[in-house]
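Read off the chains here:
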Amino acid sequence: MKKNKCKFLWLLSFGLILSIFASAALAGDTIIVAQDTAPRMMNPHGDDSDSGLSYFANFFDGLLQRKGSGGELEPALATKWERPDELTWKFYLRKGVKFHNGNSFNALDVKFTFERLSDPKVSEFTNTGKSIASVTVIDDYTVEIKTKDPIPWFANNMHQVFIMDKESTEKREFSDVFEKPIGTGAYKLVEWVKGSYIKMEANADYWEGVPPIKNVEIRPIKESSTRFAALVSGQADLVTGIPVELFDKVKNNPKLEIIQKPARRSIFLGLENKIDSPTADIRVRKAIYMAINEDEIIAKIMRGHAFPAAQIPDPPTIGYSADIKRLPYDPAKAMELLKEAGYADGFDITLTGPNDRYVQDAKIAEAVARYLAKVGIRVKLDVKPKSIFFPELTKGILNFYLIGWFDGTFDMGRTYFKLVHSRDEAKGYGALNGSLYSDAGVDALLEATADIVNPEKRAKALMNLNKLAMDKVAYIPLHYQEDLYAIQKSKGFTFNPRPDRWIVYKEIMP
Amino acid sequence: MGTYIVKRFIQGVVVLLAASMICFGIFQYSGDPALNMVGQYATFQEINEVRESLGLDKPVYIQYGKWLVNALQGNFGVSYRSRVPALGLILERFPATFELVSIAVFMAFCIGVSLGVVVALKPNALVNRIIMAGSLGGISIPTFLIGTVLIMIFAAYLEVLPAFGRGDTIQIGFWRTGLLTVSGWKHLILPATTLVMYQLAVLLRLTRAGMREVLTEDYIKTAWSKGLAPKTVIFKHALRNVLIPVVTITGLQFGELIAFSLITETIFQWPGMGNLLLTSIYETDQSVIVTYIMIAAVIIISANIIVDILYAVINPKVRYE
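First to last, the protein sequences are chains Y and H. So for the first sequence, the working numbering puts the first residue at 317; every next one is plus one. So for the second sequence, the working numbering puts the first residue at 424; every next one is plus one.
Heads up, a few of these hints could be off.
Computed list of lysine to aspartate or glutamate pairs in DMTMM-like fashion (alpha-carbon distance at most 25 Å, straight line) [claimed, not checked]:
#1 Y/Lys-565 <-> H/Glu-582
#2 Y/Lys-538 <-> H/Glu-515
#3 Y/Lys-702 <-> H/Glu-475
#4 Y/Lys-743 <-> H/Glu-582
#5 Y/Lys-805 <-> H/Glu-582
#6 Y/Lys-538 <-> Y/Glu-561
On the chain Y side, residues computed to face chain H include the following (Cβ under 7 Å) [as the list claims (entries may be wrong)]:
#7 Met-357
#8 Ser-434
#9 Pro-436
#10 Phe-441
#11 Trp-508
#12 Gly-511
#13 Ser-512
#14 Ala-546
Don't read these hints as lab results, they were simulated from the structure. Ideal Cβ positions, reconstructed from N, Cα and C, are used throughout, including at glycine.
For reference, chain H alone in the conformation it holds in the complex:
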């Protein structure tokens, strides 16, 4: 297990290096941050001065080398757009994203797995067929459409749920939470539902497929013939085995959503990290973009490692040597 984790760690570092290099490569073609920082009436000389002061006049490999040295010391530079440290700007928004995604993934997991089991037990029942057809919708309708439609129905016409934002929040230390107020929960419903749609559909289909396969296995037939209670057969014998891939996918989705739920966050003006990333891309705020990509990569890599470890815990057959 130890060597395995060390190996994964080294792989992670390689991925981070590669991702940061790609970022700097793209920056060469994605606009000129100096131009965004000098004001509308700047002269060429003033633009050049700013470019020099940012070190943007140097060749890209020198820029990258400088960034890397600073990053290794924990200094990710200053946002070009708001001129405060980029890392702080992103971390300040982490709680909002984390709360939204945690609730969404939790809901998707609970509902997805239970529906998956129900559907697998009676695949031909009418209700279950409708559920399966609906799940296709969840997978194929794009997030921005779901979000906009939900806003139009529940916020604009029915006026029962708020259209945007996080509602009232409470600051506890560095963490600003929306989970301790009614308005916070109300504001969470629509964006979480938007995120849940796709995840739910994936988990439902995965659980159903796994259950249908496992239910035909010999050991399940044995369990039935032994006269065990249906509850025991379904949950203890069948579902436990099905859960292994489901947990894997849930973990990966969690990492990915934390890093890239930017569409949902933008539609609902959710003050999370994804929302910030999108603004930074529009404004060529390169230091924020590259820092964000690094954080995203760290989150996804860690989610992967945690999932691998969990895998071993759930399934004793797996051993990392």
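Okay, chain Y solo, but in the shape it has when bound:
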């Protein structure tokens, strides 16, 4: 008995020594990242959120890609693309690309991928999938996609649709496809231990050349104070989602460098305009807009980490118009407008919003309620988890709500059909128009843009639309968020954040 115990102890200590050596082997071109979101799965079509796509973008490639901090559309698995007519998109594919399992990439994989998009069992891109009428393989390296209706932003979205290997995806078990990515991407998955880490290694055969960082270890940490501790103690080289409260602490730490990037997402307020509701009156809408002290929200609640917004799209989006200005903060004028509209004594309204979705979301809603109280509008605050808020939004039962948005296609058309167009269940318009806002003028102008292909004409039409929507106060814009990252100075990584918050490791330089 005693002898056995001894043996066990020996074995144990031997194991411990081994593991010390194992951990010492890691060094050099390895980056350890503490990320605020964990992946849901490794099936690149099963999650269309930015946090999911951020992971997929390293294992897979789209036909096109958006690189670096500007986000311009560039070739990837397609070397060029054209639009012969309104409904047709033609992609010329890159030759000599291999999937991680050695299979060659060709047009059949593209056809397979686009047909897979419309299957709700494996895809959250059903909207894209079902908009496609046919995918035709012209030859091994040319594909023609026809859409049912003209979709001006179709190519703009091609960096989000990742190409899968037809042969292995069809052959493998469902659960294997959902956990082990086989793509053409710059990195191969080494190991994914759920809740712990994702390890990946550089793809030596990558068509764009081997990425400079050879090993990546991502450790998702939900709790922001723990992420901060991981950063300060040097356990992570790069940390995403630095909370605004801890900004100064990171900034003042000599070992760390903070990286700020204006985010694409804008935060704004939706407001009903049903006949007989007080907010149907444009004067009341303007009064609410003017009663909110946005500069103070940015200074006090966002601690300076936000930029005032005068419209929903951000500057790089097609349809952004620099001519649109915010209405000034002017509570006296707001009260005057309310009086003119017949609401000198104010009215009651419920402001709904999520409390776990956007930076400081619940606090922003509280502040709005306080500003409105000053001009006599009695706001009942109703903030709740996003899992309950978004179903209510989809039902369209809200009067007044806080929401944030940005469009991955860099084209405002798609977003406006979701957010601003009157609700039309058959056509699928207005699915996120939470208060059933409806304006015939805005709808008509928006529908007219759907056929406009020419980029300049399109930009002009969308700018006009945007101007009209803001004149009518379809939404009350508040601010654009700012993304905050931190890196260890001593590691010397060059990291330029992307506007879409994805972390694409081939873009990071050691």
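Please arrange chain H on chain Y, whose structure you already have, making use of the hints.
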């Protein structure tokens, strides 16, 4: 004993049924999983299609009945969030939680009982008074605060212990263990300490109260007057009787911690089951939530039964007829 176990088993089944029904009741008000599975740009038609394919358009009693039939066959459904079987997703994380909680409960038991004995023997000594006051802190300071403070002190400022995660792990069959590596043990210290705080305080106070009561009993006085060694009197005569409620509570705490150490797991990003539960609640992943609640109920019920049996073993006076 046999009939007793059968009785407890039947009770357990009733509890499981009740818990699962409550889960389905709550699901009616806790968000729409279909909405989380269709993507941001889905149309109403697409949302409805997904809802139908999940059977979420049916009345709740039909949904429940279907779930029950499948569950009885061992099929707990597929996670809405990651679309792989819910049961596997949870069991994969069981070793992490089990190791953390076992170490924590073991530490709490050893330290709690020994301190309890020491404090009971000389209740008025200054050190012992300080220990008792400290135990009040252990009971009343919330876990998330203890965890955050420990991280800030030992990980962020002193930089002696890691702030999060499980460290290097070794896979042995289906079991992924962190107990065979130095880094695994290092990573265990802070979260285990966080869990120990409360448990330790409870066990300490329980042991102390029991000891003080037992030490005034006649048979202890007899033992002293017989001239037995203090070691024999304290450990063999007194502590054995005190241990009965202490073991009971330890067992119950063990079951509860396995099932619900989610706050500690989330703060330390410990890849255990509790961490998964919290994420699933945020994401309205109903199949994972209900499966988790079932597993938790089974663990707690079994812990109860085991404690009852142990009770009979330690205390021959107890008989289950």
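Give me the numbers of the hints this structure contradicts, sorted from smallest to largest. Those not satisfied are hints 4, 8 and 11.
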